[in-house]
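Peer 1: Those protein sequences? They're chains Y and S, same order as listed. Here my numbering is used: the first sequence runs in plain steps of one and ends on residue 650. Here my numbering is used: the second sequence runs in plain steps of one and ends on residue 297.
Hints were generated in silico from the structure; no laboratory data involved. Glycine included, C-beta positions come from ideal geometry on N, C-alpha and C. One or more hints might be untrue.
[Stated by the list, open to error] Short, incomplete list of chain S residues facing chain Y, as computed with Cβ under 10 angstroms:
| # | residue |
| --- | --- |
| 1 | V51 |
| 2 | P52 |
| 3 | L71 |
| 4 | T74 |
| 5 | Y116 |
| 6 | R163 |
| 7 | R200 |
| 8 | V267 |
[Stated by the list, open to error] One side only, chain Y facing chain S, incomplete, derived with CB under 10 angstroms:
| # | residue |
| --- | --- |
| 9 | P487 |
| 10 | S532 |
| 11 | D575 |
| 12 | E586 |
| 13 | R590 |
| 14 | G634 |
Here is what each chain is made of, one letter per residue.
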Amino acid sequence: MNVTRGFTGRPRVQNAGLPPGQYDAGDDWPVLSAEVTPDLAPADWSFRIDGLVAEPRTWDWSEAHALPASAYEGDIHCVTSWSKFGVRFGGVSLDAFLDAVRPDTSATHAVAYSHTGYTTNLPLADLTGGRAWIAWEYGGRPLPAEHGGPARLLVPHLYFWKSAKWIAGLRLLDHDEPGFWEQNGYHARGNPWEEQRYSGD
Amino acid sequence: MTERSTESSTAGRRASAAASWPVAPFPAPLQGADTTRVAEPDFVPETRFAVPGRIAVSNRAAALWQTATLTEVRRETPDAATFRFAVPGWAGHLPGQHLMLRLTADDGYTAQRHYSIASPPDDAGHVELTLDHVEDGEVSGWFHTIAKPGDEVEVRGPLSGFFAWPGDRPALLIGAGSGVVPLMSMVRHHRARDLSVPLRLLVSARGPEELIYAREYGSETTPVFTRQAPEGTPVGRLAASHVAPLLGAGQPPDGWEAYVCGSNAFAEHASRLLVAAGQPVDRIRIERFG
Ligand SMILES: Cc1cc2nc3c(=O)[nH]c(=O)nc-3n(C[C@H](O)[C@H](O)[C@H](O)COP(=O)(O)OP(=O)(O)OC[C@H]3O[C@@H](n4cnc5c(N)ncnc54)[C@H](O)[C@@H]3O)c2cc1C
Numbered sequence: 450m451n452v453t454r455g456f457t458g459r460p461r462v463q464n465a466g467l468p469p470g471q472y473d474a475g476d477d478w479p480v481l482s483a484e485v486t487p488d489l490a491p492a493d494w495s496f497r498i499d500g501l502v503a504e505p506r507t508w509d510w511s512e513a514h515a516l517p518a519s520a521y522e523g524d525i526h527c528v529t530s531w532s533k534f535g536v537r538f539g540g541v542s543l544d545a546f547l548d549a550v551r552p553d554t555s556a557t558h559a560v561a562y563s564h565t566g567y568t569t570n571l572p573l574a575d576l577t578g579g580r581a582w583i584a585w586e587y588g589g590r591p592l593p594a595e596h597g598g599p600a601r602l603l604v605p606h607l608y609f610w611k612s613a614k615w616i617a618g619l620r621l622l623d624h625d626e627p628g629f630w631e632q633n634g635y636h637a638r639g640n641p642w643e644e645q646r647y648s649g650d
Numbered sequence: 008m009t010e011r012s013t014e015s016s017t018a019g020r021r022a023s024a025a026a027s028w029p030v031a032p033f034p035a036p037l038q039g040a041d042t043t044r045v046a047e048p049d050f051v052p053e054t055r056f057a058v059p060g061r062i063a064v065s066n067r068a069a070a071l072w073q074t075a076t077l078t079e080v081r082r083e084t085p086d087a088a089t090f091r092f093a094v095p096g097w098a099g100h101l102p103g104q105h106l107m108l109r110l111t112a113d114d115g116y117t118a119q120r121h122y123s124i125a126s127p128p129d130d131a132g133h134v135e136l137t138l139d140h141v142e143d144g145e146v147s148g149w150f151h152t153i154a155k156p157g158d159e160v161e162v163r164g165p166l167s168g169f170f171a172w173p174g175d176r177p178a179l180l181i182g183a184g185s186g187v188v189p190l191m192s193m194v195r196h197h198r199a200r201d202l203s204v205p206l207r208l209l210v211s212a213r214g215p216e217e218l219i220y221a222r223e224y225g226s227e228t229t230p231v232f233t234r235q236a237p238e239g240t241p242v243g244r245l246a247a248s249h250v251a252p253l254l255g256a257g258q259p260p261d262g263w264e265a266y267v268c269g270s271n272a273f274a275e276h277a278s279r280l281l282v283a284a285g286q287p288v289d290r291i292r293i294e295r296f297g
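Bound conformation, chain Y alone:
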């Protein structure tokens, strides 16, 4: 252990919900996207799932909203060290979309991509079983553009760069392919509880 002389840090909080190396950002919600926030109207938004599926499909805004509503209430964790507690997102469970396209048994991974061209890779298992959403509401209001509105992917049990803003689609694959930050040295899976920040962690 390399103790820093004179560093005491903040009073220790016993917060079982805080993954290692994270701090509670309170009411702040930092924005860290690397590209220009796109000017994307709900009418121009669409979401597609293709690749290793029985029936590739594209949903527009109203078709996506016709699926059963589902909400996430809980915490989110950003790789830059902040966590945010008790957030509430509304949208549709990704399972509802995946059920419609019927993933092939050979599909193991997905690349999620944004209307900006941003990409991120995920194991398919992290996107199913009620653990991932397409979200368009935050705190009961439309999701702001800088936070990924009109709609973003939400995979709250992984670091938040996996929750692609301005989500445009998922391509299902039989192998893992690095996305935008993953090519830049970030971890392929990004589990905050195992502190998988950078490749090699």
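Chain Y is already provided as a structure; the job is to place chain S with the ligand on it using the hints.
Peer 2: Same frame as chain Y, but now just chain S with the ligand:
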């Protein structure tokens, strides 16, 4: 994941995917930076907008925590100071990259934050960071009130090739407050290597007192003062009138790669001005300090 040399695999990709995924020309790796080997994806989405292409950097050094010894502290403004470290095993960086810094208390508690690297790559075995003193800041507070030469902290990096500038393309840099830090590494690199590619810096500060690196700027830089300015200089935020002369007829033949850094509010404002002035979105790289 397969590992391939970028040099061969991206050439084909550039040709096949140029319409939806403009890949900027790949730089020769800088001396001091590691060789460039990364996994390349096969799937490239067709989308309406486009993010800028990847800059080839090494990701190998990122996993390792290294000891950084503070050797010098230089005051820049009432709220910001530069901290110079000796990091003997430093792998080298590209201007614009950042690192992760970690402080450890004696009970094992740690605090880690990202900091942009202010120094140019040629400063072998050393890195300089410039930190704002954030009110009640856990890490910046320690630096501004306790740190002194000889102290040791830990760093890992360099991180993220996205905001890196290899020195190979015209660069239009726009920063505010401590957002100028990674841009200064680019300015210093441009100067140290006597590079001939055009480089311009627009830097926003509240007033002359708050302008970080004020003494170092040359003709490449235009300061913008938002609250108070020296006699004869207008006061106001960064505006279309600052950006317009550098774009359109005023830009280099193949245009600029734009680098925007600062708070999220500033980054949104500056990137909108750039888009409005005709800068392509896939050539705007943004680093937001949160
Ligand atoms: C890529 C990147 C590059 C960066 N480069 C630079 C740079 O070059 N220079 C620079 O100065 N900064 C830079 N930053 C910002 C830097 O990472 C830190 O966020 C900044 O120094 C503040 O950290 P701190 O520990 O001093 O403050 P923190 O302790 O994080 O405090 C920040 C604010 O949050 C509040 N806060 C945070 N945690 C708690 C808590 N547990 N309890 C109560 N309040 C809390 C504080 O009151 C304060 O207002 C960069 C950020 C990024 C993402």
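Peer 1: Run every hint past the structure and note whether it holds.
Peer 2: Hints versus structure:
no.: 1; hint: V51; verdict: holds, 8 angstroms
no.: 2; hint: P52; verdict: holds, 4 angstroms
no.: 3; hint: L71; verdict: holds, 8 angstroms
no.: 4; hint: T74; verdict: holds, 7 angstroms
no.: 5; hint: Y116; verdict: holds, 5 angstroms
no.: 6; hint: R163; verdict: holds, 8 angstroms
no.: 7; hint: R200; verdict: violated, 24 angstroms
no.: 8; hint: V267; verdict: holds, 9 angstroms
no.: 9; hint: P487; verdict: holds, 5 angstroms
no.: 10; hint: S532; verdict: violated, 13 angstroms
no.: 11; hint: D575; verdict: violated, 17 angstroms
no.: 12; hint: E586; verdict: violated, 21 angstroms
no.: 13; hint: R590; verdict: violated, 19 angstroms
no.: 14; hint: G634; verdict: holds, 3 angstroms
The structure is inconsistent with the numbered hints 7, 10, 11, 12 and 13, although it conforms to all the rest.
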